[in-house]
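Chains Y, P, S, F, H and B are the protein sequences, given in the same order. The first sequence begins at 1 in my numbering and counts up one residue at a time. The second sequence begins at 1 in my numbering and counts up one residue at a time. The third sequence begins at 1 in my numbering and counts up one residue at a time. The fourth sequence begins at 1 in my numbering and counts up one residue at a time. The fifth sequence begins at 1 in my numbering and counts up one residue at a time. The sixth sequence begins at 1 in my numbering and counts up one residue at a time.
Worth double-checking, as some hints may not be accurate.
Just so you know, same-sequence chains aren't split out, so a pair can sit in one copy or run between any two.
Calculated pairs, EDC-like style, for lysine to aspartate or glutamate (alpha carbon to alpha carbon, straight line, at most 16 Å) [unchecked claim]: (1) K53 <-> D19; (2) K53 <-> E10; (3) K53 <-> E37; (4) K48 <-> D15; (5) K53 <-> D23; (6) K48 <-> D60.
Treat the hints as calculated values from the structure; they're not laboratory data.
So you can see what is in the structure, the chains are spelled out below.
Protein chains: 6
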Amino acid sequence: MPEVYVHAVEGRTLDQKRDLVRDITAAVVAHFGSPPEAVMVQIVESPKHHKAKGGVLFSDREAPRT
Amino acid sequence: MPEVYVHAVEGRTLDQKRDLVRDITAAVVAHFGSPPEAVMVQIVESPKHHKAKGGVLFSDREAPRT
Amino acid sequence: MPEVYVHAVEGRTLDQKRDLVRDITAAVVAHFGSPPEAVMVQIVESPKHHKAKGGVLFSDREAPRT
Amino acid sequence: MPEVYVHAVEGRTLDQKRDLVRDITAAVVAHFGSPPEAVMVQIVESPKHHKAKGGVLFSDREAPRT
Amino acid sequence: MPEVYVHAVEGRTLDQKRDLVRDITAAVVAHFGSPPEAVMVQIVESPKHHKAKGGVLFSDREAPRT
Amino acid sequence: MPEVYVHAVEGRTLDQKRDLVRDITAAVVAHFGSPPEAVMVQIVESPKHHKAKGGVLFSDREAPRT
Numbered sequence: 001m002p003e004v005y006v007h008a009v010e011g012r013t014l015d016q017k018r019d020l021v022r023d024i025t026a027a028v029v030a031h032f033g034s035p036p037e038a039v040m041v042q043i044v045e046s047p048k049h050h051k052a053k054g055g056v057l058f059s060d061r062e063a064p065r066t
Numbered sequence: 001m002p003e004v005y006v007h008a009v010e011g012r013t014l015d016q017k018r019d020l021v022r023d024i025t026a027a028v029v030a031h032f033g034s035p036p037e038a039v040m041v042q043i044v045e046s047p048k049h050h051k052a053k054g055g056v057l058f059s060d061r062e063a064p065r066t
Numbered sequence: 001m002p003e004v005y006v007h008a009v010e011g012r013t014l015d016q017k018r019d020l021v022r023d024i025t026a027a028v029v030a031h032f033g034s035p036p037e038a039v040m041v042q043i044v045e046s047p048k049h050h051k052a053k054g055g056v057l058f059s060d061r062e063a064p065r066t
Numbered sequence: 001m002p003e004v005y006v007h008a009v010e011g012r013t014l015d016q017k018r019d020l021v022r023d024i025t026a027a028v029v030a031h032f033g034s035p036p037e038a039v040m041v042q043i044v045e046s047p048k049h050h051k052a053k054g055g056v057l058f059s060d061r062e063a064p065r066t
Numbered sequence: 001m002p003e004v005y006v007h008a009v010e011g012r013t014l015d016q017k018r019d020l021v022r023d024i025t026a027a028v029v030a031h032f033g034s035p036p037e038a039v040m041v042q043i044v045e046s047p048k049h050h051k052a053k054g055g056v057l058f059s060d061r062e063a064p065r066t
Numbered sequence: 001m002p003e004v005y006v007h008a009v010e011g012r013t014l015d016q017k018r019d020l021v022r023d024i025t026a027a028v029v030a031h032f033g034s035p036p037e038a039v040m041v042q043i044v045e046s047p048k049h050h051k052a053k054g055g056v057l058f059s060d061r062e063a064p065r066t
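Please take these sequences and the hints and turn them into a complete structure.
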């Protein structure tokens with residue numbers, strides 16, 4: 001507690017995820033006063049064909065344009 | 001914004017998902033007045049052995065009955 | 001099943017919400033083949049001081065500009 | 001309705017999951033008075049490199065200590 | 001960890017909620033082997049005009065039928 | 001995109017929330033490379049009688065001990 005969920009499309013490296021959860025945890029500790037061990041962060045990764053913006057799946061947005 | 005999450009068991013085709021996110025986005029635009037590009041829709045798919053109804057996993061519900 | 005969650009900032013009328021859940025349900029029935037009574041839609045409303053874009057709370061974005 | 005989501009790191013067996021959703025459903029029926037068939041339980045499993053406590057990913061916490 | 005979220009419409013008493021979170025926690029401890037203090041349970045309550053089944057808001061379903 | 005949800009019990013000030021969403025957004029921009037305007041952060045606040053640790057509601061944990 002608190003629990004933080006980050007919803008993102010797939011494609012980030014392990015290093016990017018490691019750095020993100022470290023800095024988000026630090027922000028919660030700094031501003032909400034939680035002990036670090038009480039902070040949970042989960043990355044909820046989505047395949048590109050399961051997430052849409054403007055009604056169009058990310059997998060369709062990225063189709064090659066010829 | 002808004003963000004829409006659809007929780008469903010696995011088994012739909014890409015075309016079904018494509019049509020669903022398009023129509024859900026259109027509904028949000030029509031009724032909530034959001035610009036299309038601001039609407040995010042994510043499908044959160046679950047394997048059948050991770051979802052239950054009536055206390056029974058979907059994977060157990062579908063076992064052959066002999 | 002499926003379950004749909006719509007995250008939105010406060011400010012829509014009951015009629016807007018009624019229309020939205022009706023049309024989202026119809027889209028799930030049409031494209032995912034679910035019986036209507038199995039479709040759950042929940043609107044998760046957020047106060048403007050609990051939601052941010054670009055790192056700025058919606059309540060701060062809307063401060064009068066003089 | 002109600003809908004219950006259990007967020008957990010990967011590593012439990014199918015039997016453990018089957019028992020958990022059965023007992024959670026029984027608790028909802030007993031205390032909230034819902035008919036069993038109306039109770040949905042979903043297990044949202046996370047890989048160890050997508051979940052952190054204290055700012056450290058579970059996959060890093062479990063690195064061999066020599 | 002694990003984290004459990006129970007989505008329900010408003011209307012249960014504090015005693016009902018107290019009993020539910022106690023029994024859900026016991027189920028997670030019994031079947032997933034988590035230490036009790038690591039189990040978080042949150043009840044996400046929804047007003048009846050924010051949740052729908054079959055495309056109809058709960059607040060509309062419960063209108064008097066004459 | 002990405003979307004970040006912070007689940008916390010009530011009791012933080014507006015300034016604490018403002019600082020948290022600013023720093024979480026900065027962390028997402030720095031490590032995931034998202035444009036700031038694409039990052040959504042929502043605080044999902046819970047009353048103390050709706051959240052439990054170790055099977056005990058926060059509202060019960062904080063009862064005066066005489």
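Against the structure, the hints come out as follows:
Taking the closest pair of Cα atoms, K53 and D19 come within 16 Å of each other only across two copies (13 Å); inside a single copy the shortest separation is 26 Å, beyond that limit. Only within a single protomer do K53 and E10 lie at most 16 Å apart by alpha-carbon distance; the minimum there is 15 Å, versus 21 Å between protomers. In this homomeric assembly, K53 and E37 come within 16 Å of each other (Cα to Cα) only across copies, at 6 Å, whereas the closest approach inside a single copy is 35 Å. For the identical chains of this complex, K48 and D15 are inter-copy neighbours only, at 14 Å across copies versus 20 Å inside a copy, given an alpha-carbon limit of 16 Å.
Taking the shortest Cα distances, K53 and D23 sit within 16 Å of each other only across copies (12 Å), while inside one copy they are farther apart (27 Å). Taking the shortest alpha-carbon separations for K48 and D60, only the intra-copy value of 8 Å comes in at or below 16 Å, while the best inter-copy value is 26 Å.
Hint violations for this structure: none, all hints satisfied.
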